[in-house]
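Q: Below, each chain spelled out in residue letters.
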Amino acid sequence: MRKNSLVNLLFLAPCVFAFMMIIMIPFLLGLYYSMTDWNGVSLNVNFVGLKNFETLFSAPDFVYSFLATMAFTLINVVLVNVVSFGLSLIVTSKIRFRNFYRAGFFVPYLIGGIVLGYIWQFILNSILVDLGEAWSIEFLKSSFLSRAGGVIWAMSAVNTWQYAGYIMLIYIAAIQSIPASLMEAAVVDGAGYVTRVFKILVPMMANAFTISLFLTLTTSFKQFDMNFTLTNGGPATRFLDQPVKASQLLAMNIFNTATANRMAEAQAKAVVLFISLVVVALIQVSINKKKEVEM
Amino acid sequence: MEAARKRLSSKPLGKGFRFLELATFVLFIFFMFPFALVVLNSAKTSREIIFNAIAWPADWGQLLANVSLIFNNSTVDYLGAFVDSTVITALSLLVIVLFSSMAAWILVRNRTAWSTALFMAFVAAMVIPFQVLMYPLVRWMRVMGDIAGIRLLGTIPGIAFAYLGFGAPLSIFVFHGFIKNIPYELEEAATIDGCSRPRIFFEIVFPLLKPIIVTVLILNGIWIWNDYLLPLLVLGSNGVVQTIPIAVTAFAGAYLKQWDLILTSTLIAIIPVVLLYLFAQRYIIKGMLEGSIK
Chain S
1 MRKNSLVNLL
11 FLAPCVFAFM
21 MIIMIPFLLG
31 LYYSMTDWNG
41 VSLNVNFVGL
51 KNFETLFSAP
61 DFVYSFLATM
71 AFTLINVVLV
81 NVVSFGLSLI
91 VTSKIRFRNF
101 YRAGFFVPYL
111 IGGIVLGYIW
121 QFILNSILVD
131 LGEAWSIEFL
141 KSSFLSRAGG
151 VIWAMSAVNT
161 WQYAGYIMLI
171 YIAAIQSIPA
181 SLMEAAVVDG
191 AGYVTRVFKI
201 LVPMMANAFT
211 ISLFLTLTTS
221 FKQFDMNFTL
231 TNGGPATRFL
241 DQPVKASQLL
251 AMNIFNTATA
261 NRMAEAQAKA
271 VVLFISLVVV
281 ALIQVSINKK
291 KEVEM
Chain X
296 MEAARKRLSS
306 KPLGKGFRFL
316 ELATFVLFIF
326 FMFPFALVVL
336 NSAKTSREII
346 FNAIAWPADW
356 GQLLANVSLI
366 FNNSTVDYLG
376 AFVDSTVITA
386 LSLLVIVLFS
396 SMAAWILVRN
406 RTAWSTALFM
416 AFVAAMVIPF
426 QVLMYPLVRW
436 MRVMGDIAGI
446 RLLGTIPGIA
456 FAYLGFGAPL
466 SIFVFHGFIK
476 NIPYELEEAA
486 TIDGCSRPRI
496 FFEIVFPLLK
506 PIIVTVLILN
516 GIWIWNDYLL
526 PLLVLGSNGV
536 VQTIPIAVTA
546 FAGAYLKQWD
556 LILTSTLIAI
566 IPVVLLYLFA
576 QRYIIKGMLE
586 GSIK
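These protein sequence lines are chains S and X, in that order. First residue of the first sequence: 1, per my numbering; consecutive thereafter. First residue of the second sequence: 296, per my numbering; consecutive thereafter.
Hints were generated in silico from the structure; no laboratory data involved. Treat the hints with caution; some may be incorrect.
The calculated DSS-like cross-link candidates involving lysine-lysine, where the alpha carbons are at most 30 Å apart (straight line), are [what the hints assert, rightly or not]:
id	chain 1	residue 1	chain 2	residue 2
1	X	K310	S	K289
2	S	K290	X	K475
3	X	K581	S	K291
4	X	K581	X	K552
5	X	K475	S	K291
6	X	K505	S	K199
7	S	K222	S	K291
8	X	K552	S	K289
9	S	K290	S	K51
10	X	K581	S	K222
11	S	K199	X	K552
12	S	K141	X	K552
13	S	K94	X	K581
14	X	K310	S	K94
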C-alpha cells in the first residue's frame, strides 16, 4: 500500500507541479496585483485595495472595449454555430465527396490567428477594395476594416471562417452517435427533413450544443491574435465624447494598457475579464443544461 | 442555405439534392479562396500586387525569389524560428502526453476525496483566461529560475514547462474521460501476476491510449504551433529563441504593407501544417471526432 502511494505521488507530480507553478501561483499573484500599485519594474508593490477598479468603469475606452467584446461574442456565438451546424448537416448527408468537404472545412482551423489576421487584412483592405474599384461597387470601395460600424462584423466573419470547421466536428460526432434506426423510423412515420432535424436531431444532440456554445463563447471573449493582426484595434471612433479604438476588444485593451506600463490597471482589467467570462459562461451552461433536461 | 435544406429530400438523387451539392461546392470554394489568394500573390512583386491583386501572376519564378528573400532576410531569422517552433512544439507535446496520461490514470484509478478535488481543480482552471495571469507569470518565471538556478525565460525548456502547465488541464480531462472506459480487469489480472504499477501503466494502459493520444496531440499541437502571446512574453520579440508567429509579426512590422513579403511569410508558415494535415487527415479527423464525444 505504501509503495502504491509513492507511485501515485510520482505519477501526479509533474503535472501538479507545472499546474501550480504556471497557473495557480501566477493566477493568485494576478488577483493580488490587481489590488496594488504594481508597475512591472519596481519590486516594491503596495496594496491599494479596489482603487484600480473604481476608475475602470468611468473610462470610456474600457467601457467601449467591454461592450465591443460582448457584441463580438454574441455575433460570433450565433454565426459560428449556425454555420457549423449547417456544415455538419451537409457533410453527414449522402452528398458526394462529403469526406473531402469535411476535411476541407477544417483547414482554416489549422491556421493560427496571427497568420490568418494578415491574410484577411490583405483580402479586406486590398482584394475587396480592388474589386469594388474594378466593378464600380460603391459598397466595396472602402474597406470594412476602416468602418467603425462594420469592423466588428468583419472580425466575426473571419472568426467564423476559422472556427466553423472545428465546431462542425463536434456536431458531426453528435449526429453520428444518434442511432440510424431512429431516423429511419421517423422517415417511415412520414416526418419531413426539417421536422427530423428540429424534432429529433437537435434534441438528441443537446449536449453538443452546450459544449459548442461554451467553446465559442469563451474563445470569442478572449480573442486577441486575430484582433491584433487584422485590425490592431482600428479604426478610430468616438464613444461618450472620447476617442476610442473601434475594434479594440478586451484582451487587446489589457495588452495595450500593459504595454504602456500601466501594469496594475491592466491587471484589474484582466480580473474584470475573468469575472465576466465566468459569469457569462455559467449563465450559458446553466441555460443549456436546463434545455438538455427538458428535451 | 435554409432553402437548400428545405428542398433536401430523403431520396438521394432528388433535384434539391443536386442543388445542395452545388451550394456545398460554392461554399467550399469560398472557404479555400483565401489560400488561393495567398499563393497567387506570393508569386508577385510588391508593385504587381498594388497594381492588381486579383490577377494571375506574370512569372511564377517570383515565388521562389520571394521565398529566398524571406529565408535570407537579415532582420528576421525565419529559418531559425522555424526550427525553434518545431522543437518547442515537439518537446511540449511529448511532456504533455506523457505526464497528463500518467496523472489522468492515477486520478481515475484512485477515487479519493483528494483525487476528485484535484481533478475538479484542473477542470475549473480551464476557464481562467490567459490575460489574467500572463504578466505575473513572466515575473514568477524569473523568480523560479533564480531559485532553481536555471533560465526559464527565453529558453526552450522554460517555454516547454509553461506549455505543460497550460496544456495539462485539458489533456488530463480528455485522458480521464477515455481511461474511465477501459475495463479495470486487465490491470487487476496484471497485478495478480505480480506486475508493478508503473509497468502496468507503461505496458498495458499506455498502448491502449493510442487513439486518444492522437486527439491530445492534435488539440495541443495546433494551439502550440500557432500560439503567439505566451512565446512573445516568455521568449521576447527579439530573443535568441523565436517562433513562427513571432517571426511573421516581425516581418509585417518591418515591411509595413509590403504584401509580397508578408504573404510569402504567411505561406511558408501555412505549408508545413497543411502538408502534415493532408498526409494524416484521416487520423486527425478521426481523432478529433472521437475526442469530442464525451
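Q: Hint by hint, note whether the structure agrees.
A: Against the structure, the hints come out as follows:
1. X:K310 to S:K289: Between K310 of chain X and K289 of chain S the Cα gap is close to 39 Å, so the pair fails against 30 Å, i.e. violated.
2. S:K290 to X:K475: holds, 26 Å
3. X:K581 to S:K291: The hint holds at about 29 Å.
4. X:K581 to X:K552: violated, 40 Å
5. X:K475 to S:K291: holds, 27 Å
6. X:K505 to S:K199: Violated - the C-alpha atoms of K199 of chain S and K505 of chain X are around 37 Å apart, more than 30 Å.
7. S:K222 to S:K291: holds, 26 Å
8. X:K552 to S:K289: violated, 48 Å
9. S:K290 to S:K51: violated, 39 Å
10. X:K581 to S:K222: holds, 28 Å
11. S:K199 to X:K552: Violated, at about 51 Å.
12. S:K141 to X:K552: holds, 19 Å
13. S:K94 to X:K581: holds, 19 Å
14. X:K310 to S:K94: Distance ~14 Å between K310 of chain X and K94 of chain S Cα, so the pair holds.
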